[in-house]
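Model the full structure from these sequences, guided by the hints.
Spelled out from the first residue to the last, the chains are:
Number of protein chains: 2
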Amino acid sequence: MKEMTSQLESKNVKPSIARIKVLEYLTQYPTHPTVDEIYHHLADEIPTLSKTTVYNSLKVFKEIDLVREINLGEHQNRYDVDVSEHGHFKCDHCGRIIDLSINLQNVDAKELEGCRIDHRHVYFRGFCPLCSASKQ
Amino acid sequence: MKEMTSQLESKNVKPSIARIKVLEYLTQYPTHPTVDEIYHHLADEIPTLSKTTVYNSLKVFKEIDLVREINLGEHQNRYDVDVSEHGHFKCDHCGRIIDLSINLQNVDAKELEGCRIDHRHVYFRGFCPLCSASKQ
DNA sequence: ATATTTGCAAATAATTTGCAGTCGA
DNA sequence: TCGACTGCAAATTATTTGCAAATAT
Numbered sequence: 318m319k320e321m322t323s324q325l326e327s328k329n330v331k332p333s334i335a336r337i338k339v340l341e342y343l344t345q346y347p348t349h350p351t352v353d354e355i356y357h358h359l360a361d362e363i364p365t366l367s368k369t370t371v372y373n374s375l376k377v378f379k380e381i382d383l384v385r386e387i388n389l390g391e392h393q394n395r396y397d398v399d400v401s402e403h404g405h406f407k408c409d410h411c412g413r414i415i416d417l418s419i420n421l422q423n424v425d426a427k428e429l430e431g432c433r434i435d436h437r438h439v440y441f442r443g444f445c446p447l448c449s450a451s452k453q
Numbered sequence: 318m319k320e321m322t323s324q325l326e327s328k329n330v331k332p333s334i335a336r337i338k339v340l341e342y343l344t345q346y347p348t349h350p351t352v353d354e355i356y357h358h359l360a361d362e363i364p365t366l367s368k369t370t371v372y373n374s375l376k377v378f379k380e381i382d383l384v385r386e387i388n389l390g391e392h393q394n395r396y397d398v399d400v401s402e403h404g405h406f407k408c409d410h411c412g413r414i415i416d417l418s419i420n421l422q423n424v425d426a427k428e429l430e431g432c433r434i435d436h437r438h439v440y441f442r443g444f445c446p447l448c449s450a451s452k453q
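Top to bottom, those sequences are chains A and B. FYI, in the working numbering the residues of the first sequence are 318 to 453. FYI, in the working numbering the residues of the second sequence are 318 to 453.
Check the hints yourself; a few may be wrong.
Chain copies aren't distinguished; within one or between two, either way the pair holds.
[As the list claims (entries may be wrong)] Computed cross-link-like contacts, EDC-like style, restricted to lysine to aspartate or glutamate with a CA-CA straight-line distance of at most 20 Å:
{"hint": "1", "residue 1": "Lys427", "residue 2": "Asp416"}
{"hint": "2", "residue 1": "Lys368", "residue 2": "Glu320"}
{"hint": "3", "residue 1": "Lys376", "residue 2": "Asp409"}
{"hint": "4", "residue 1": "Lys427", "residue 2": "Asp399"}
{"hint": "5", "residue 1": "Lys376", "residue 2": "Glu326"}
{"hint": "6", "residue 1": "Lys379", "residue 2": "Asp397"}
{"hint": "7", "residue 1": "Lys379", "residue 2": "Asp409"}
No wet-lab data here; the hints were simulated from the structure.
Pasting the structure below:
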C-alpha cells in the first residue's frame with residue numbers, strides 16, 4: 318500500500334485510492350487480469366468504484382510505464398505489472414497464463430534492420446502440462 | 318481463381334463466389350488486411366457482398382488452416398494467407414506491416430516444458446526504417 | 001478555490017447471432 | 001427440391017467519451 322503510493326508519487330501521479338487499489342491488485346495477483354476481473358475483485362472493497370475508473374487508472378499506468386497492456390489474441394486486454402521483456406503462454410483449456418522468460422533481444426530477423434523497435438510481444442497458446450496430461 | 322477453387326475443394330469447402338474472392342484478395346494483396354479492408358475492396362466487384370459473409374468466409378478459412386488470424390495489439394484482427402510460422406512488425410507511423418522470418422521453434426523457454434503449443438505469435442511494434450529516418 | 005478524479009450514461013466499434021431469403025447441385 | 005450460403009438487422013462485448021458531481025490539496 319505504502320509502496321504503491323510511493324511508486325505513483327515518484328512518477329508524479331496522484332495516489333488516489335482507486336489508483337492505489339488497482340495497482341495493489343495487479344501486484345498482489347499478477348495473474349494478468351482483465352479490466353473486468355480487476356473491477357469485480359475491487360468492487361467489494363470499494364463499492365463506489367466504476368469500471369471507467371479502472372480504465373482510467375490503467376491508462377495512466379500504461380503512460381508512465383508502470384503496467385504493460387497485453388493481448389493474447391482474445392477480445393479483451395490484460396494487464397501486467399511486470400514490465401520487463403517476457404512472453405506469455407495461455408492454456409486454452411484452463412485459461413492459465415504462464416510467464417515465459419524469453420530474451421526477445423535475441424529474436425532478431427533480418428527484416429528488422431533499420432527499424433526502431435518500441436515493443437516486442439510474444440505469446441503462445443496451447444495446453445498447459447496439467448491440461449495436456451488430462452488429454453483434453 | 319482456379320487455384321482458389323481447387324484449394325477450397327481440396328479441403329471440402331464449397332467454392333462459392335464470396336469465398337473465392339476473399340481468398341483471392343488475401344492471396345493477391347498479402348498485406349494482412351482487416352475485415353473492413355477486405356470488405357471495402359471487394360464491395361465494388363461484388364455489390365451484394367456483406368461484411369457478415371467476409372466474417373463467415375474467414376471463419377471457415379481459419380478452421381481449415383487456410384488463413385491465419387493475426388492480432389497486432391489493435392482493436393481489430395488481421396488475416397494472413399501465409400500460415401507458416403513467422404512474426405510481424407507493425408510501423409506505428411505509416412501502418413505498414415513487415416513479415417519477419419523468425420524461427421519460433423528456437424524461441425523456447427523452460428516454462429514451456431510439458432506444454433502442448435498450438436500457436437506461436439510474435440509481433441513487434443515501432444517505426445519502420447523509412448519512418449524512423451523521417452524522425453517522426 | 002481550483003484543479004483533478006470519479007462515475008454514470010451514451011457513443012463507438014468489432015464481432016457474432018438469428019433468421020429469412022437465395023442460390024446451386 | 002434440399003441443404004448450404006448469404007445478408008440484413010439486432011445483439012453482444014470491450015472500450016472510449018462527455019460531462020456533471022465529488023474530492024482533495
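Cross-check of the supplied hints:
no.: 1; hint: Lys427 <-> Asp416; verdict: between (27 Å within a copy, 10 Å between copies)
no.: 2; hint: Lys368 <-> Glu320; verdict: neither (24 Å within a copy, 50 Å between copies)
no.: 3; hint: Lys376 <-> Asp409; verdict: between (27 Å within a copy, 18 Å between copies)
no.: 4; hint: Lys427 <-> Asp399; verdict: between (28 Å within a copy, 18 Å between copies)
no.: 5; hint: Lys376 <-> Glu326; verdict: within (16 Å within a copy, 47 Å between copies)
no.: 6; hint: Lys379 <-> Asp397; verdict: within (10 Å within a copy, 29 Å between copies)
no.: 7; hint: Lys379 <-> Asp409; verdict: between (27 Å within a copy, 17 Å between copies)
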